[in-house]
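Colleague: Each protein sequence line maps, in turn, to chains A, B, C and D. Position 27 of the first sequence, counted from 1, bears residue number 27 in the working numbering, the numbering being contiguous throughout. Position 156 of the second sequence, counted from 1, bears residue number 156 in the working numbering, the numbering being contiguous throughout. Position 33 of the third sequence, counted from 1, bears residue number 33 in the working numbering, the numbering being contiguous throughout. Position 104 of the fourth sequence, counted from 1, bears residue number 104 in the working numbering, the numbering being contiguous throughout.
You may find that some hints are simply not true.
Have a look at the derived ranges for each label pair, beta carbon to beta carbon [unchecked claim]:
(1) T231(A) x S147(B): 41 to 49 Å
(2) N56(D) x L242(C): 47 to 55 Å
(3) L51(D) x L242(C): 34 to 42 Å
(4) D148(A) x S147(B): 25 to 33 Å
(5) C24(A) x E181(B): 55 to 63 Å
(6) Q213(B) x D15(A): 28 to 36 Å
(7) R75(B) x S201(D): 30 to 38 Å
(8) E181(D) x V4(C): 20 to 28 Å
(9) T231(C) x K139(B): 28 to 36 Å
(10) E181(B) x L242(C): 37 to 45 Å
(11) N240(A) x D232(C): 31 to 39 Å
(12) E181(B) x N240(D): 39 to 47 Å
(13) C24(C) x L255(D): 17 to 25 Å
30 Å max Cα-Cα, derived BS3-like pairs, lysine-lysine [said to hold, decoys possible]:
(14) K57(A) x K139(A)
(15) K185(B) x K209(A)
(16) K212(A) x K188(A)
(17) K57(B) x K57(A)
(18) K57(A) x K212(B)
(19) K188(D) x K33(C)
(20) K46(A) x K188(B)
(21) K46(C) x K185(D)
(22) K46(B) x K188(A)
(23) K188(A) x K188(B)
(24) K7(D) x K188(C)
(25) K188(D) x K153(D)
(26) K63(A) x K185(B)
(27) K63(D) x K123(C)
Honestly, the hints are just simulated from the structure, not real lab data. As the structure is a computational prediction, the values presented were derived from the model and not from experiment. Ideal placement from N, C-alpha and C gives every residue a C-beta, glycine not left out.
So the chains spell out like this:
Protein chains: 4
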Amino acid sequence: MNSVVFKGESVVLIDSNFRKFILCIKDKTDKFKGIGVFNPISLEGKKYGELIEIGNKNFWILKPSLMDNLNALKRNAQIILPRDAAHIIINCSIESGNNIVEAGIGSGSLSIVLATMIKPNGKLFSYDIRKDFLEHALKNIEMANLSDYVSTKLKDVTTGIDEKNLDAVIIDIPNPWDVIEHAWKSLKIGGYFCSFSPLISQVEQTVKKLRKQNFIEINTIENIQRELIITDYGTRPSFNMLGHTGYLTFARKIL
Amino acid sequence: MNSVVFKGESVVLIDSNFRKFILCIKDKTDKFKGIGVFNPISLEGKKYGELIEIGNKNFWILKPSLMDNLNALKRNAQIILPRDAAHIIINCSIESGNNIVEAGIGSGSLSIVLATMIKPNGKLFSYDIRKDFLEHALKNIEMANLSDYVSTKLKDVTTGIDEKNLDAVIIDIPNPWDVIEHAWKSLKIGGYFCSFSPLISQVEQTVKKLRKQNFIEINTIENIQRELIITDYGTRPSFNMLGHTGYLTFARKIL
Amino acid sequence: MNSVVFKGESVVLIDSNFRKFILCIKDKTDKFKGIGVFNPISLEGKKYGELIEIGNKNFWILKPSLMDNLNALKRNAQIILPRDAAHIIINCSIESGNNIVEAGIGSGSLSIVLATMIKPNGKLFSYDIRKDFLEHALKNIEMANLSDYVSTKLKDVTTGIDEKNLDAVIIDIPNPWDVIEHAWKSLKIGGYFCSFSPLISQVEQTVKKLRKQNFIEINTIENIQRELIITDYGTRPSFNMLGHTGYLTFARKIL
Amino acid sequence: MNSVVFKGESVVLIDSNFRKFILCIKDKTDKFKGIGVFNPISLEGKKYGELIEIGNKNFWILKPSLMDNLNALKRNAQIILPRDAAHIIINCSIESGNNIVEAGIGSGSLSIVLATMIKPNGKLFSYDIRKDFLEHALKNIEMANLSDYVSTKLKDVTTGIDEKNLDAVIIDIPNPWDVIEHAWKSLKIGGYFCSFSPLISQVEQTVKKLRKQNFIEINTIENIQRELIITDYGTRPSFNMLGHTGYLTFARKIL
Numbered sequence: 001m002n003s004v005v006f007k008g009e010s011v012v013l014i015d016s017n018f019r020k021f022i023l024c025i026k027d028k029t030d031k032f033k034g035i036g037v038f039n040p041i042s043l044e045g046k047k048y049g050e051l052i053e054i055g056n057k058n059f060w061i062l063k064p065s066l067m068d069n070l071n072a073l074k075r076n077a078q079i080i081l082p083r084d085a086a087h088i089i090i091n092c093s094i095e096s097g098n099n100i101v102e103a104g105i106g107s108g109s110l111s112i113v114l115a116t117m118i119k120p121n122g123k124l125f126s127y128d129i130r131k132d133f134l135e136h137a138l139k140n141i142e143m144a145n146l147s148d149y150v151s152t153k154l155k156d157v158t159t160g161i162d163e164k165n166l167d168a169v170i171i172d173i174p175n176p177w178d179v180i181e182h183a184w185k186s187l188k189i190g191g192y193f194c195s196f197s198p199l200i201s202q203v204e205q206t207v208k209k210l211r212k213q214n215f216i217e218i219n220t221i222e223n224i225q226r227e228l229i230i231t232d233y234g235t236r237p238s239f240n241m242l243g244h245t246g247y248l249t250f251a252r253k254i255l
Numbered sequence: 001m002n003s004v005v006f007k008g009e010s011v012v013l014i015d016s017n018f019r020k021f022i023l024c025i026k027d028k029t030d031k032f033k034g035i036g037v038f039n040p041i042s043l044e045g046k047k048y049g050e051l052i053e054i055g056n057k058n059f060w061i062l063k064p065s066l067m068d069n070l071n072a073l074k075r076n077a078q079i080i081l082p083r084d085a086a087h088i089i090i091n092c093s094i095e096s097g098n099n100i101v102e103a104g105i106g107s108g109s110l111s112i113v114l115a116t117m118i119k120p121n122g123k124l125f126s127y128d129i130r131k132d133f134l135e136h137a138l139k140n141i142e143m144a145n146l147s148d149y150v151s152t153k154l155k156d157v158t159t160g161i162d163e164k165n166l167d168a169v170i171i172d173i174p175n176p177w178d179v180i181e182h183a184w185k186s187l188k189i190g191g192y193f194c195s196f197s198p199l200i201s202q203v204e205q206t207v208k209k210l211r212k213q214n215f216i217e218i219n220t221i222e223n224i225q226r227e228l229i230i231t232d233y234g235t236r237p238s239f240n241m242l243g244h245t246g247y248l249t250f251a252r253k254i255l
Numbered sequence: 001m002n003s004v005v006f007k008g009e010s011v012v013l014i015d016s017n018f019r020k021f022i023l024c025i026k027d028k029t030d031k032f033k034g035i036g037v038f039n040p041i042s043l044e045g046k047k048y049g050e051l052i053e054i055g056n057k058n059f060w061i062l063k064p065s066l067m068d069n070l071n072a073l074k075r076n077a078q079i080i081l082p083r084d085a086a087h088i089i090i091n092c093s094i095e096s097g098n099n100i101v102e103a104g105i106g107s108g109s110l111s112i113v114l115a116t117m118i119k120p121n122g123k124l125f126s127y128d129i130r131k132d133f134l135e136h137a138l139k140n141i142e143m144a145n146l147s148d149y150v151s152t153k154l155k156d157v158t159t160g161i162d163e164k165n166l167d168a169v170i171i172d173i174p175n176p177w178d179v180i181e182h183a184w185k186s187l188k189i190g191g192y193f194c195s196f197s198p199l200i201s202q203v204e205q206t207v208k209k210l211r212k213q214n215f216i217e218i219n220t221i222e223n224i225q226r227e228l229i230i231t232d233y234g235t236r237p238s239f240n241m242l243g244h245t246g247y248l249t250f251a252r253k254i255l
Numbered sequence: 001m002n003s004v005v006f007k008g009e010s011v012v013l014i015d016s017n018f019r020k021f022i023l024c025i026k027d028k029t030d031k032f033k034g035i036g037v038f039n040p041i042s043l044e045g046k047k048y049g050e051l052i053e054i055g056n057k058n059f060w061i062l063k064p065s066l067m068d069n070l071n072a073l074k075r076n077a078q079i080i081l082p083r084d085a086a087h088i089i090i091n092c093s094i095e096s097g098n099n100i101v102e103a104g105i106g107s108g109s110l111s112i113v114l115a116t117m118i119k120p121n122g123k124l125f126s127y128d129i130r131k132d133f134l135e136h137a138l139k140n141i142e143m144a145n146l147s148d149y150v151s152t153k154l155k156d157v158t159t160g161i162d163e164k165n166l167d168a169v170i171i172d173i174p175n176p177w178d179v180i181e182h183a184w185k186s187l188k189i190g191g192y193f194c195s196f197s198p199l200i201s202q203v204e205q206t207v208k209k210l211r212k213q214n215f216i217e218i219n220t221i222e223n224i225q226r227e228l229i230i231t232d233y234g235t236r237p238s239f240n241m242l243g244h245t246g247y248l249t250f251a252r253k254i255l
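With the hints as constraints, model all of the structure from the sequences given.
Modeller: Quick look at the structure:
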C-alpha cells in the first residue's frame with residue numbers, strides 16, 4: 001500500500017465531527033459541499049493518516065473504506081442503514097464470489113455493501129423501476145469504485161428475475177410477497193431470500209407467502225442499536241436513538 | 001454447482017426444529033449426536049434440497065452456508081454471536097483480501113465469519129493463550145473448510161502483535177486496553193481496532209486508552225435483536241430475548 | 001406504627017433470594033410452600049425488620065407493601081406485570097377516590113394495584129366471565145387486605161357496563177374493541193380507556209374503533225425493562241430480559 | 001361532578017396536536033402562550049368535553065387530570081418523565097396516606113405525581129438547595145391544586161433529613177449515595193429508598209453504599225418506551241424514541 005496520495009485516487013476527508021467527504025484527486029478547482037472551494041490536486045503527495053488543512057478547516061485524509069463509502073453516500077431516497085445491511089450479510093451468508101439480485105436499488109447503500117462483500121468474482125444485479133434512482137445509485141457505486149461488480153437493470157422485479165442459480169435475492173420494495181415465486185425459481189438450492197419492510201402488515205403478508213412456497217428457516221427480526229456515551233463525567237447510554245428502521249425477514253430455498 | 005451429494009463433501013442436515021448438523025460424506029458408520037448411528041456414505045447421490053430420512057427422523061440436506069457453519073459449531077467457551085459478528089464486519093469494513101488479527105479465538109465462531117469474509121486472498125491470524133481453545137476452534141474452522149485462511153498462534157496478544165499493515169485488529173479478551181498500543185503499530189493507516197466487552201468498566205478503560213493514542217472515530221454500540229412471531233392468531237414480538245451480549249467499541253488508526 | 005408482630009396481622013416473609021410469602025399470624029400449624037411446616041403464631045412479638053429463622057431458613061419479616069402483595073400473589077392465569085400496571089396508573093391518571101371498571105380479572109394482580117391506588121374512598125368493579133378466576137383473584141385481593149375496595153362481577157363486559165361516571169375503564173380481554181362503546185357511555189367526561197393486548201392485530205382493531213368514537217389522545221406504547229447488574233467484577237445490563245409483555249393503548253372520552 | 005365550567009375552577013385546554021394548557025377561570029384578559037390573548041371568563045358555562053374555539057384555534061376543554069398537570073408543566077430544569085415516575089410509584093409501593101421525602105425538586109414533575117398519589121392524608125416533603133427551583137416548582141404544584149400536600153424545604157438533603165417514619169425517600173441529585181445513611185434513619189421499617197441517576201458510575205456508587213447499610217431488595221432498572229404508530233397504510237414502531245432517561249435504583253430498609 002502506498003502511503004502518499006497519488007493523482008487519480010479516491011480519498012476520504014473526515015472532519016472533526018466525523019463527517020466524511022469522498023473525492024477524486026484531479027486538477028480541477030471546484031466547490032465541494034462541506035469543504036469549500038479548492039483544487040483536489042493540492043492533496044497530491046500528502047501522507048495518508050495526516051491531519052490536513054483546507055480553507056481554515058482540518059480534515060483527516062484516508063483511503064476510503066466500506067464505512068467511508070456508506071457515510072459519504074449522497075441520498076435521494078430512504079437508505080438501508082449499515083446496521084441492517086450487516087444483518088443481511090450475515091443472515092444470508094453472503095461471501096466473496098456470490099451472485100445476488102437486489103431490488104429496489106434506492107440510493108445504492110445496500111448495493112455498496114453487497115458489492116464489497118462479493119467482489120472480486122461475484123456479481124450483483126440491481127433492479128429498479130425508476131431510471132433516476134438507478135442513475136443516482138450508480139453514481140454512488142462508481143464513487144466507491146464498485147461499478148465492475150454491479151449490473152443495474154430498469155425492470156420491475158415483480159414481473160420476473162432473469163438470473164438463475166443465485167446465492168441470494170434481497171428485496172426492499174413495498175410488496176416483497178410479489179417476488180417470492182420469482183425468487184424461488186432463481187435461487188440455487190439453499191439460497192437465501194431476504195426482505196426489508198418497515199410495516200408489520202408487509203412482514204405478515206411476506207411470511208405467509210413464504211410458508212406456502214418451499215422455503216425453510218423463515219424468521220423475522222428487528223434490530224435496535226444504541227450508542228454508549230463515555231465522558232469524563234461518566235458513562236451512559238445515548239439519549240439519541242432510532243426507534244425503528246424496518247423488519248428483516250429471511251428464508252431459504254429447498255426443493 | 002452439482003445438485004447431488006458426492007463422497008468427500010461436507011453437508012448440513014437440518015431437522016424440523018432447524019437444528020443443524022454438519023458432517024463429511026465418508027464410508028464409516030458412527031454415532032452422531034442429534035442424529036443417531038448411521039453411515040454418511042448412505043447420503044451419496046441424494047439431491048441437495050430434499051427432505052431425507054435417517055432412522056425415523058427427517059432432515060433437509062444442503063451444502064453448508066456461513067450460517068450453517070455458525071449454527072452447527074461446537075462450543076467450549078462463550079461465543080461471539082452472529083449478530084455481533086455482523087456489526088464487526090460492517091463497522092470494521094472487512095472485505096475479501098483483508099489481513100486481520102483476532103484474539104482470543106474462543107470456539108472459533110468469529111474466526112469462521114472473518115475467514116469467510118476475507119477469503120480467498122486474505123489471511124486471519126488468531127491468537128490465544130490456551131492451547132485447548134486453539135485446538136477446539138481449529139476443528140470448528142476445519143469443519144467449515146476455512147483452515148487455509150486462518151493461522152492460529154499460541155501467544156498472549158498483550159505481549160505484542162507480530163503482523164504488520166493489518167486491515168483490522170479485533171479483540172475479545174478481558175483487558176483489550178493492553179492491546180491498543182500493539183494494535184496501533186500493526187494496523188495500516190485507516191485500519192480498524194475493535195473490542196468486544198460485556199462490562200461497562202472494560203469499555204471505559206478501552207475508550208480512555210484509545211483517546212490517548214492516535215485513533216479517530218472512536219465509538220461504542222450495543223445491539224439488541226428481537227424476533228417477530230407471526231402465527232395464525234396474530235403477530236407479536238417474541239417473549240424470548242437476550243438482554244445483553246456485549247458492547248462493541250470501534251476506532252480507526254491515524255498518524 | 002407498631003414495631004412488633006401482633007396476632008391477626010398479615011406479614012410478609014422474604015427469603016435470601018427475595019422470594020416472598022404472605023401469611024396471617026394465627027395459631028394453626030400448617031404447611032407453607034417455600035417455608036415448610038410451622039405455626040405462624042410463633043412469629044408473634046417478633047420485631048419488624050428483623051431476620052428470623054424458621055426451620056433452618058432465614059427470612060426478613062415485614063409488613064406487606066403493594067410490591068409484596070404483587071410478588072407473593074398466587075397465579076392461575078397470565079398476570080399484568082407491575083411494570084405495565086405502573087404505566088396504566090400514570091397514563092390513566094388513577095388516584096385515590098377514583099371509580100374504575102376492569103375486565104377480565106385474571107389472577108387479580110392489576111386489581112391489587114388499582115385498589116391500592118383508589119382507596120380509601122374509591123371503588124373498583126372487576127368483571128370476568130369465569131367464576132373460578134373471580135374466586136381465585138378475590139383470595140389474592142383478600143390476602144392483600146383490599147377486598148373492601150373491590151366488587152367482583154360475574155359478567156361479560158362486552159354485553160355492557162353497569163356503572164356510570166367512571167374515571168377509567170381498563171380492559172384485558174382478547175377483544176377490547178367490543179367494550180369501547182360501553183366504555184364511552186360509562187366513563188365521565190375526560191375519563192380514560194385502556195386496553196392491554198399482546199398482539200398487534202388486537203391493537204389495530206382497538207385503535208380503529210376508538211377513532212370512530214369520541215375519544216382523543218389515542219396512543220399505544222410498549223415498555224421494555226432491563227435490569228442493571230452490579231458486581232465486584234463490573235457492571236453490565238442483565239442477560240435475562242422479557243422481550244414482550246403486551247401493548248398498552250390509551251384514550252380519553254370527550255363529547 | 002358538575003358538567004359545565006364554573007368561575008374559579010382550573011381547566012385544561014387541549015389543542016389538535018394534544019398540547020395542553022392549564023388555566024384558571026377568572027375575569028382577566030391576558031396573553032396565554034400557545035393560545036393567544038383572551039379572557040378566561042369567556043369559558044364560564046361551557047360544557048366539559050366540548051370542542052371550543054378561541055381566536056381561530058380549536059381546543060377540547062376538560063378538568064385537569066394528573067397527566068394534564070404533567071404535560072402542561074412549565075420546565076426550568078430536566079424533569080423526571082411520567083414513565084419513570086410510574087416505576088417509582090409502583091416499585092416504592094406508594095399509596096394514599098404515605099409520607100415521603102424527595103430531593104431535589106427540579107420543576108416539580110415528580111412532586112405532582114407523588115402528591116397526587118398520597119393525598120388526601122399523606123404528605124410530601126420536597127428538599128432543594130436552590131430557592132428559585134423551589135419557587136418555580138411550587139407554582140407548578142399550585143397550578144395542579146396540590147400545594148396542601150407538599151412542604152418545600154430550602155435545605156441540602158445530604159446534611160440530614162428532618163422527618164421520621166417515612167414510607168419512602170426519593171433522591172434525584174448528582175450524589176444520591178450521600179443521602180443513604182440519612183434515608184435509613186428516617187425511613188420506617190420496610191420503607192423504600194429510590195434514586196434516579198443518568199450515569200452508570202452514580203448507580204455503582206449508590207448500590208455499593210446501599211449494600212453496606214441495612215437495605216435489602218436492592219435493584220436497578222432502566223425502562224425504555226416506544227410508541228406503536230397505527231395508520232391506514234399499516235402499523236410500525238415509532239422512529240422517534242428516547243434512548244435513555246436514567247437508571248432507577250430501589251432498596252428497602254431492614255433492621
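Colleague: Which hints from the list above does the structure break, by number from lowest to highest?
Modeller: 5, 6, 15, 17, 23
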